[in-house]
Every structure is written in C-alpha cells, then in structure tokens.
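**Q** Got two chains here, each in a separate frame; can you build the complex from them with the hints?
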Amino acid sequence: MTWINKARLKATLKAYLFLAPFLIVFIGLVVYPIGLGVRLSLYGQRGARMWYVGLENYQRILSDSMFWESFKIPLFLLLVQVPVMLILATGIALLYETRKNGGPLYRFIYYLPYTIPGIVSGLVWSYIFSDSMSPLLPALEFFGQTGVKLLTRSNVPGILLVVILWQFTGYTAFLVYSSLIAIPKEYSEAAQLDGAGFWQIAFKIKLPLLVGPLITLFIFNAIGAMQVFNEPWMLGNLVVLPLNYTPAMYIYNSAFSQGRFTYAAAMGIILAVLTCGFSWYILRSAGRQILGRRH
Amino acid sequence: MKLKKRSYVTITIVLVLLAAFFIFPFYWLTIGTTKNVSQLFQKSLLPGRPSHLQSNVSGVFSYQNGVFLSWMANSFLYATVGAFGGVFIASLAGYAFRRYDFIGKRFLFVLVIAFAMVPGFATTLPLFMMYRDLNLIDTRLAVILPSFVNIFGVYMMVSYWNQVEDEVFEAATIDGANDLTIFWKIGMPNVIPGFITLFLLAFVSMWNNFFLPLVVINSRARMPLILGITTITDPQGFPVYNLTLTASFFTILPLLIMFVSLQRYFKPQMYMR
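Protein sequence lines correspond, in order, to chains A and B. 1 is the number of the first residue of the first sequence in this note's numbering; add one for each residue after it. 1001 is the number of the first residue of the second sequence in this note's numbering; add one for each residue after it.
These are calculated hints, taken from the structure and not from any lab test. Heads up, none of these hints are tricks.
With a Cα cut of at most 16 Å, we get these calculated EDC-like pairs of lysine to aspartate or glutamate:
1. A/Lys206 to A/Glu189
2. A/Lys10 to B/Asp1179
3. A/Lys206 to A/Glu97
4. A/Lys185 to A/Glu97
5. A/Lys204 to A/Glu186
6. A/Lys14 to B/Asp1101
7. A/Lys6 to B/Asp1101
8. A/Lys149 to A/Asp131
9. A/Lys204 to A/Glu189
10. A/Lys10 to B/Asp1101
11. A/Lys14 to B/Asp1179
12. B/Lys1004 to A/Glu97
13. B/Lys1043 to A/Glu141
14. B/Lys1185 to B/Asp1175
15. B/Lys1185 to B/Glu1170
16. A/Lys206 to A/Glu186
17. B/Lys1043 to A/Asp131
18. A/Lys204 to A/Asp194
So here's chain B without its partners, still in its complex pose (with noise of 0.2 Å):
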C-alpha cells in the first residue's frame, strides 16, 4: 500500500509511542531492580545510583534460607512435567481422532470442547473438596494433575494430525507395522513443530498459573514463583518492594528468554487468557 511520506511519518510516529508504552513497565522493572526501597521512594526514571542490584539479587536468594530457588525448582518442575503430560496425552487423543472412524466420535469432540468452556474458577473449588478426600492438599501432585488435562491441545492436536496425509498411515500399514509403532515411530515425527507450540504455550500458562496454587498449596516450600513471589515480607510482615520486585524480574526473565529465543514456535492462537 502507498502512503504519502507525511502520513508515512505520522504513522511511525505513533507506533513509536505505542511502543514506548508496551515497554514502560518492563524498563520501571528493570531499573527497579537496581534499587533499594528509598531510592524506589525517590520515583526517578533512571537505574539506581550507586546500584543495589548487587544486594538485591542476593537478599532475594537468601531470604528466608533460599525459599526463592525452591520456588524456581517447583516452577520449572510444574510446568515441564505439566506441559509434557498434557500435551503428549493430547497428542495421543489427536491421533485416535484421526485415524480412526469410531463410535461416539462427534459426540464425544463436542462434549470435550464443550468442557474447555467452563471456567477454572467453577473446576477449582470443587477440586479442592475431592483433593481433601484424598488427602492431595499442599501436595505437588496437586498442582501438576490438573494440566495433564488439556482440551486446548486435543483440539489443535487432531487439526495437526489432519495434516498427516493418508498415504503416510497406509503405506506403513501396508508394511505391517502396527497401531503403537505407526504413532510413535511414523506419525509422531510428523506433528512434531505442532507439539512443541503446544508444550511452549501449556508451559507459560503453567507457569503463570496462580489460582490453583493460591487454593492447593499452603507450604513455602512447595510454591511455585509466580504465588512465592506475592508472599515476600519483612518478619514483621510488611511487603519488601525491592526484593518483590526483584523477585518478579526473575519470575519473568525465563519467560522472556523462551519466547525471544523460540519466537518462531510461538504462533499465537485463539488462546483463552
């Protein structure tokens, strides 16, 4: 499309404020975290000075005998075990629905996305009864089940698999492999890029997941970083917004580092928040 070099020039312009507004916040952490609290008080736009990114580095890794690497620990665990499970388990319900013309097939597609629409809030509750029952409360198997369950990736999974063209299945038929190997060793290869969009976005919104925790986690020890994050105190009890958001920074920093490093398997989908 041709512009008019002054339209052209308008149009950068407020791109380029728009811009400034998206990283803002990521710049006023940034800097954050090279102060103490009274230089936070001070309100100025620029880093620290002298610095305590120092200090605060390691007052978040010290406070409380380093609670905060256990929470990266439980992090990394939550959402690699979870996203893995979930997508792999997805991957295989991907595949019955493509290959094979079996009875409830419709009915049982639509009663599953029908689920997907109903919200964690209405799920977690009740989860939290039947976690009581059996005794699965501050537990890690607590946080890690319920992703195993990812109706998101069942319903991108079987559009994966369409893509798998028949010839594929029936030439390996043909040659008498049978149903497991077929899945595994001829059609696997086959959605891999699709499984690894789907575990990179089941592994941030692990993640980023709060409620669940907030609800099934009682024990430090046993947080995930984006809920340890929002309990840093003082032994008083008073909120520490240094190491706060310090802590933050490092919450998101593995974030940012996936999503800049593999931006090209990060297709943005259709994707409920």
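Next comes chain A alone, as it looks inside the complex (with noise of 0.2 Å):
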C-alpha cells in the first residue's frame, strides 16, 4: 500500500475539489440510478403499487420468449453487418491510401453519413424504401419488376443493414485509416524492395498489424448493435414492427406502453451486464494506456 504523509492528504483534498462537481452529477445522475434501477428490478408492480419479489422479475425475463427473441435482430447485425463493415472499412482505407493525401474528399463524403442523426437517417432511408415516395421502384419497373413492396417486414432485417452499413461504413474507415498511416512506411517499402505487390503488402503487413484496432471497433459495434433502437423505431413508422423487435425496443415499450417498470427495469439490468461483459477487454486496455504513462 502507498505511503500516507501530510502531502499527500493535501493533494487529496485538492484533487477531490476538482472532482466534486464531476463526482456529484455522476453519483446523482448515473450511480445513483443505476442503483435505484437494481432496487426497482426486485420489486413486483401493478399501477402504482409495489412489493418486494425479489429474483421472481429475472426468473421470469428468463423463460420470456419476447425477450430473448428480442435479441435476433442485434444478433444479425453482429454476425452480419458488423464483419461486413469492418472488412468494407479496412478495404476502403486501403484504396484511400492509393490516392495522393489519402483522399481528403473522398474522405469526406464516406464521413458525412455519421455527422447526422440516426433518427433522421432511418427517416429518409424509410421513405426511400416506402411503397408511395421510393425512387428504387421506377428503377425496378425499368428492369420489369412491377408491383414490388419494398418495406415489408420481412425485408426489414435487410434495410436496417444498409441505414446502419451507410452510417456507420465511412466513420470506421476513417478510424482504420488513422490506424493505417501510423504504421512505419519503411515497412512496406522494403516490402516493395523485396518484390511483394499491393495485395500482398496489404494482407501479410498491413492486416496483422489492423487486428488490435479492428478488434476494439468489433466490441464497439458489438455494443451498438447490442442497442439498437432509432433506426428500427423510425421504420416502425411505415411498417408494422412487433413491440420487441429489438432488447431496447421491448424494454421501452414494456415500461412505457405497457407501465411495467420493475420488469422493464430487471431487462435494463441485463443489458447492462451483458454490455459490460463485451466491454471489458477495451476497459483493460483503456485504463493502462491513460494512467501508465504518467505517476
């Protein structure tokens, strides 16, 4: 354990000043909550009577099939559209170093889908596919597909991937790309010298070096699927989407269409836990990298 002198207790003073506004709203604001959210989760309710249950609300979530049906929509978008943006995004931050500066306009353009809001994005996106405004379908009858419905909810599942793939391709890119240009250019130079070509340089120097970015961006998106909430909710305008389409989804409407809080609340626990679980790995590496370079 550290040493404790008179210093030392005047610098904790100090430094606790600094952190009290911090510590208040977040004691206030996200412990104390979180706290309350565990108490509500063990308590049984009806209207605005409440008893002591304890488990019996995760008991139940447990054998709820809504609940974990919830969970297919997040379990497609990480099995498919998650690997299907990080290997778009790496191959495009290897084409934007193809040009001169990396291509700053193209980097651009590919950013601009992140700078705007997912609600507005689902919006637009759903009226693109709507029956009444889509300019896909003239296009469709152009090749003989007359009488196409586009947003069907089958074909939801579908749509979510290209909102979300449009958002979120062209950020990632750009992450990766910073990742790319801080690798040494002797590396791939003497690459070059020793006869190896693009492809090759790309997958044998590149690539191994990508794995621990990519990994932390796989968590990251791992988590936002986990979430996913706004862009399912502005398709639910145009389509009839069932009340737990996505883990989010079913726990806003349990408490707020159908009033049962506690129970809403036990399902927000959970997704908490298993957001955490994904998380702890960027946790460890966060903590070293900001505390280990100084003190």
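**A** Right, here's the structure in full:
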C-alpha cells in the first residue's frame, strides 16, 4: 500500500475539490439511478402499487421468449452487419492509401452520414424504401419488376443493414485509415523492394498490424448492435414491427406502453451486464493507456 | 504506393460509386424539400417542378403556431448548455487526475470508465423514476442534467492534460500561484483545442439524442428538434411527408454547417453510437 503523509492528504483534498462537480453529477445521475434500477428490478408492480418479490422478475425474464426473441436483430447485426462493415471499411481505408494525401474528398464524403442523427437517416431511408415515395421503384419497373413492395416486415433486417452500413462505414474507414497511416512507411517500402505487390503488402504486412484496432472496433459495434433503437423505431412508422423487435424497443415498450416499469428495469440490468461483458477488453486497455503514462 | 494505370482507374470507379451511395440520401432529402406530397409520390429523382420549397419552409415554420422555432431553440439550449457544462466539469476532473497523486486515484478512474460502458437504456428508465419523484418530468432540466456527466470527456481530458509538461505547472507554483489560478490561467489555455473538440462532439451527441427526451418530455413546446420532427402530423393524425422531410433537412443543416466549417476540430475517436 502507498505511503500516506501530510502532503499526500493535502493533494487528496485538493484533487477531490476539483473532482467534486463531476462526482456529484456522476453519483446523482449515473450511480444512483443504476442502484435505483437494481432495487426496482426486485419489486413486483401493478399500477402504482409495488411490493418486494426478490429475483422473480429475473426468473420470469429467463423464460420470457419475447425477451430472447428480441436479440434476433442484434445477433443478425453482430454476425452480418459488423463483419461486413469492418471488411468494407478496411478495404476502403486501403483504397484511400492509393490516393494523394489519402483522398481527403472521399474521406470527407464517406464520413458525412456519421454526422447526422440515426433518427433522420432512419426517416430518410424509410421514405426511400416506402411504397409511395421510393425512387427505387421506377428503376425496378424499368427492369420489368412491377408491384414490388420493398418496405415489408421480412425486408426490415436487410433495410436496417443498408441504413447502418450507410451511417457507420465511412466513419469506421476513417478510424482504420488513421491506424493505417500510423504504420511506419519503411515496412511496406522494404516489402516492395523485396518484390511484394499491393495486395501482398496489404494482407501480409498491414492487416496483421490492424488486428488490435479492428478488435476494438468490433467490440464497440457489438455494443451498438445490442442497443439498436433509433433506426428500427423510425422504420416502425411505415411498417408494423412487434413490440419486442430489439431489446431496447422491448424495454421501452414494456415500460411506457405496458407500464411494467420494474420488469423493464430488470431487463435493463440484464442488458447492461451483457454489455459490460463485451466491454471488459476495452476497459482494461483504456485504463492502462491513459494512467500508465505518468505517475 | 505505385499502381498500374488500369488498377488506378478501377479504384477510382469504385470510390466514385461508393461516394454516390453515401451522397444519395442527402441528395434525395434535399430535392424532397422542393416537392409537395403529390410530387413526392411521383418518385422522380429530379427537384420538384414547380418548386414548393417556399411553401414547405413556410409550412414548417407556421406549423402549430411556430412550434418548430421552439424545437430549434430547445435543441440549441440543450446542446450548448449540456455540452459546455459536461466538458467543463470533465476538464476540472481531468486536471485533478493530471496534477495530484491522490488516494483512490486508480480505483476512481477505473470505476468511472466502467460506468461509461453501461448502456443508456439501463439508466434512462430509473432516471425517469427518479425524475418522477423529484417532479422533474417534462422540464428542460430533465434533458440537460444527464449531459453534465461526460465520461468520455473525462477520459479524453485526462489524456489532454497529460500532454501539458510538468515545467508549466512547476513554474507557476514557484511564482506563488494557487491551484485554481494555475488551472484557470495557466492550464486551461493548453487544453483549449481539446476542449473545443470535446465540446463539438458533445454538442452533436446532445443534438442527436432522441431517447432521453422521448422518455422525459411530454409537451411539444419543450421537445428538441430531433424528437419534434417525428411528431409532425396533420390535424387527423396522418403523417405529412413533405413537412417532415423539410423539417429533417433543417435539423441536420446546423450539423453539416458545423462539420464543414470546423472540420479540423472533429478528430474522429473511438466514440460510441
């Protein structure tokens, strides 16, 4: 254990004065609500009446098929959208490198979708796929496909795929590109002298050095996939989606459409625990990176 | 990297096609603002003719006695106050981590970062219950308060403060400046670029935050743009596509202007959705 003396006590006092505003809002608006959520999750509820039930909510959630079905979409995004996006983004980042200064105009354009809110991109894309307004339908009719319905419930996962890829691929490519240009030029120059071509350098030299950043990106996107809400919420305005289309939608609808607050709180806790499991890896490296440097 | 002429051209074609895909919804939204409903139903890729831009814009601004202007003002209020408060509080906390070797430092840092990973859906619901007990439901404070907790900001501020050399602080201490003066007059100017970057990122994420206002705001006069535009209907409750599109355009316009003009401050980070 570290030494404690007068100087360190004084430093501690000063430090906590600077930390006080943050600690107050952090405890009041994050720690306390989470504690409240945990407590609520142990109660049964009917209207305004609440009573202690222990772990009954959790037991019921474990056998609630609606809750587990809501993970279909996050699982689909995790297994299809995230890998596709990471592959696309890595490919795009490699293409940036073939341009002068990394193709700043391309990087700018590809990044733009990330700057607008998920609600607006969900809204615009839902209109683009709608029966009444879709500019894609005249194109399909041109190829003899008349009377096609694009925005149907069975197509929603595919549409979500397009919307989310549209939003995040350019941003992800930008991050991968930042990691790429951090790789010392000597590596690929040396390989080139040895006669390696573009693809060989990409696969044998650059990709292995991108594994770390790609794992981090995968985890961030896995967390995002578990929490997806805005895009299906907006698509839900034009096509009927079930209350439990995603876990976040099920939690929201249980609480605010059905008034089952304590049950929703318990689902929120389960989702939080699952998410924290995913983020363990990032957490460890983040702590090491920042605090390791000084002191 | 040297490439053969043919592969250079192929790559250009791929890059241009991708650019078209990323631009397309922006283009479609923009021409959508020039169309009335029947023009939208014609599914054309050209701007509406005759243009209904003017009537759409005046339709948006006169909708429900100008509630759109309140939404806009609310969005600016929530984003500016929330982002500034959150980043300022984070810079105080970052300074504490940089300057002092205090008891519980490592523990506190890991604890704070750990809570950053808890999804908003797990905290928003209990937050709603807490607000209900405090009579804060449907108040502007209910939207602003949670943005004062900027955990990502704390994390980044610690690294910005770490880049300030020890000599800067030591010189000031020898001159007899107290800790608050050192923070404010000597330290802050060194982290201003980082402060601006974090402010912009926080501003954008507050501007785009849909879920919190959806849960805690009921009256339309207190909604931010992002929530308000999803509530535009005609008196019978049916959606009005042209007004919704035009309102969406005005919702993202400030973001696009900010992003284009302040691009050098938007350094992409591993930042969550």
